[in-house]
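Mind docking chain B on chain A? Use the hints.
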Amino acid sequence: MTAEDGLRYAFTSLRGARLRSGLMLLAMAIGVAAVVVLSGLGEGARRYVVGEFAALGSHLLIVLPGRNETTGGAPPMVSETPRDLTVDDAEALKRNRSVRRVAPVSVGSAVVSHQGLQREVAIMGTTHAMYQVRHFDMSQGGFLPPGDIFHPQPVCVLGAKLRRELFGNEPVLGAYVRIGDRRFRVVGVLREQGQSLGMNTDDLAIIPVTSAQALFNSYSLFRILVEAKSRDAIAPAQRAIVDIIKARHEGEEDVTVITQESMLATFDRILGALTLTVTGIAAISLVVAGVLIMNVMLVAVSQRTAEIGLLKALGAPATTILRLFLTEAALLSLLGAAIGLGVGAASNWVLRLIYPSLPFHAPDWAVAAAVLVALGTGLLFGVLPARRAARLNPVAALARR
Amino acid sequence: MIRLEGIERVFDVGGQQVHALHQIDLSVGRGDYVSIMGPSGSGKSTLLNIVGLLDRPNQGRYLFEENDVTALSDDQQAQVRRERIGFVFQFFHLVPRLTAAENIELPLVLAGIPPEQRRPKVEATLRAYGLAQRAHHRPEQLSGGQRQRVAIGRATIMEPGLLLADEPTGNLDRASGHEVVDLLEQLNGRGITLVVVTHDPELGQRARRQLHMVDGAIVSDRDGTT
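Heads up: the protein sequence lines correspond to chains A and B, in order. Position 384 of the first sequence, counting from 1, maps to 514 under this note's numbering, and the rest follow consecutively. Position 32 of the second sequence, counting from 1, maps to 915 under this note's numbering, and the rest follow consecutively.
For reference, chain A alone in the conformation it holds in the complex:
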């Protein structure tokens, strides 16, 4: 029997049992669609996070006070060293030639009030450089103005939510707010962007870093954000930062420098593993579909006993019959996979319409794996029924009507 004839024969026998074939296609399609959608979700989340990091600014390094041991673990959130990072440290970093911008950050919370309305919010003390380092977007006005870091103007930038709650529909630029016991003039409002790197920039006030230090009565910085001159400058910048801080801290290496890339790589790895896990769970449904194919094929073999007996009487060797049934299983798997891919791609498209910011796309490897697993399970679970068919005794098979 030629391959083409075998394919046609298998196809007509699938068409002959519409309900049965339809159900098996459905099972396969659901399995493949599940893999496509779930891997698309995982991949979408991964790309979203990676994109967020990329938006943070390119070539970013983060200097944290405190040194964690080489045994690993997360960098310390709270300083464990008697020597703090100071604004002077940040100024010193600026002079290195691998460094383009330095933005010191100090963080605390204070009460912000305006004409009897008041809210306690996070206060970020920083400098003009932060605007470029973090790629902030303004909805009104500008960011903190450049100027002498030690003699700052009493100005502030408000988060979108804070502005709404303190000012409502009133004009805000040029108005004064009281933060703690000082007065600041509002020079800008951030565009609403929600959570970003664990900090809600909507519910926040930004003031000059030295004002913040005076407000909190502390000279230690929360961290220093450094932007390297180029991608190639990241590694030299990292070494230079450690050396400079070490020299300034009496020879003690008491800072941790994280590159944006290493953070990106970590998140990439974590979310990649997540995608893999979710896809694996979806692949179980493919295996379930395979078991269903086996079941239904076994029923088909017993229903088609007479036909198998006839084929044997007409001189079909066992291998031909085995091949016919395996071809049926493969056809079902591939057709089911094709339908599943279509449904999965459509679902991802709908998801992208609903959540435009998340790039839901099944990665190519997941699509390929889904099709291969579908074909593999189809064939694997098709073997048992096909062998049963091939081994049927023709006399017994023909004796049944």
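The set of hints was computed from the structure by calculation and includes no laboratory data. Treat each hint with caution, since some may be false.
[Claimed, not checked] Simulated DEER-style distance windows between Cβ atoms:
| no. | chain 1 | residue 1 | chain 2 | residue 2 | range |
| --- | --- | --- | --- | --- | --- |
| 1 | A | GLY506 | B | ALA954 | 38 to 44 Å |
| 2 | B | ALA1058 | A | LEU514 | 43 to 49 Å |
| 3 | A | ARG148 | B | ALA1015 | 28 to 34 Å |
[To be verified] Chain B is nowhere near these chain A residues, computed Cβ spacing over 12 Å in every case:
| no. | residue |
| --- | --- |
| 4 | PHE183 |
| 5 | HIS258 |
| 6 | ASP278 |
| 7 | ARG308 |
| 8 | ALA344 |
| 9 | LYS359 |
| 10 | ALA403 |
| 11 | ILE411 |
| 12 | SER432 |
| 13 | LEU471 |
| 14 | SER487 |
| 15 | TRP495 |
[Stated by the list, open to error] The following residues of chain B were derived to be distant from chain A, with all beta-carbon distances above 12 Å:
| no. | residue |
| --- | --- |
| 16 | ALA961 |
| 17 | GLU988 |
| 18 | PRO1003 |
| 19 | ASP1065 |
Glycine residues also receive a C-beta, built at the ideal position from the N, C-alpha and C atoms.
Leaving out everything else, chain B in the frame of chain A:
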């Protein structure tokens, strides 16, 4: 054509041994017309299955066209069936989802013959058996007689030397039964060896050679022409 020597066939039925065939010696010449008659359970279908290589004897030797086929592997036997033996069954055994033409074509397909060589053969067969108008009908749309003619067309399209018919008229009314028997006898007239199993005496007595079986043994072997 066929030589059976000391054929034994024993079935194991619920732990009991049943002798379906006992010491069968038989030889059938090329172009013969043989009927095998006997009550149910006499072993006539078992004998036909062994002659048709669908079943293997427990003991004995079977020479088909001067070759010992008892020792052949399953696949080699399948090849002999495909090329040299045609079957006609009581229940037609047509594939219900295939048309008459496709059912007739099936042995050619299984033999791996390319489509352009198949088509003229199928058309010739359809015409010869008066099925040209029914080529694209499925079995359920055909009468019993037409179905059996399709089955005979399928059995003869590979031009076998031996045609085995198991109760070919058992499921037909008298008129179509006659048609089918006429057709089989015409084929025999053109040189094909015909073996018919039946318990219908009227059909059996038309054969030139008539075997009677009882309890797994041939009890009479008569020449029908005398």
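Taking the hints in turn, this is what the structure says about them:
1. GLY506(A) x ALA954(B): 38 to 44 Å: 39 Å, holds
2. ALA1058(B) x LEU514(A): 43 to 49 Å: About 47 Å separates the Cβ atoms of ALA1058(B) and LEU514(A), which means 43 to 49 Å holds.
3. ARG148(A) x ALA1015(B): 28 to 34 Å: 30 Å, holds
4. PHE183: Non-interface label stands for PHE183(A): nearest chain B Cβ at 59 Å, farther than 12 Å.
5. HIS258: 79 Å, holds
6. ASP278: 90 Å, holds
7. ARG308: With a cut-off of 12 Å, ARG308(A) remains clear of chain B, as the shortest Cβ separation is near 86 Å.
8. ALA344: Nearest chain B Cβ is 89 Å from ALA344(A), so the label holds.
9. LYS359: The assertion about LYS359(A) holds, with a minimum of 72 Å to chain B.
10. ALA403: Given that every Cβ of chain B is farther than 12 Å from that of ALA403(A), nearest at about 49 Å, it holds.
11. ILE411: 39 Å, holds
12. SER432: Holds, since 16 Å exceeds 12 Å.
13. LEU471: 29 Å, holds
14. SER487: Holds, because the least Cβ-Cβ distance between SER487(A) and chain B comes to about 52 Å, which exceeds 12 Å.
15. TRP495: 39 Å, holds
16. ALA961: At roughly 4 Å from the nearest Cβ of chain A, ALA961(B) sits no farther out than 12 Å, so the non-interface label is violated.
17. GLU988: 9 Å, violated
18. PRO1003: 17 Å, holds
19. ASP1065: 24 Å, holds
Violation of the numbered hints given earlier is confined to hints 16 and 17; the remaining hints are satisfied by the structure.
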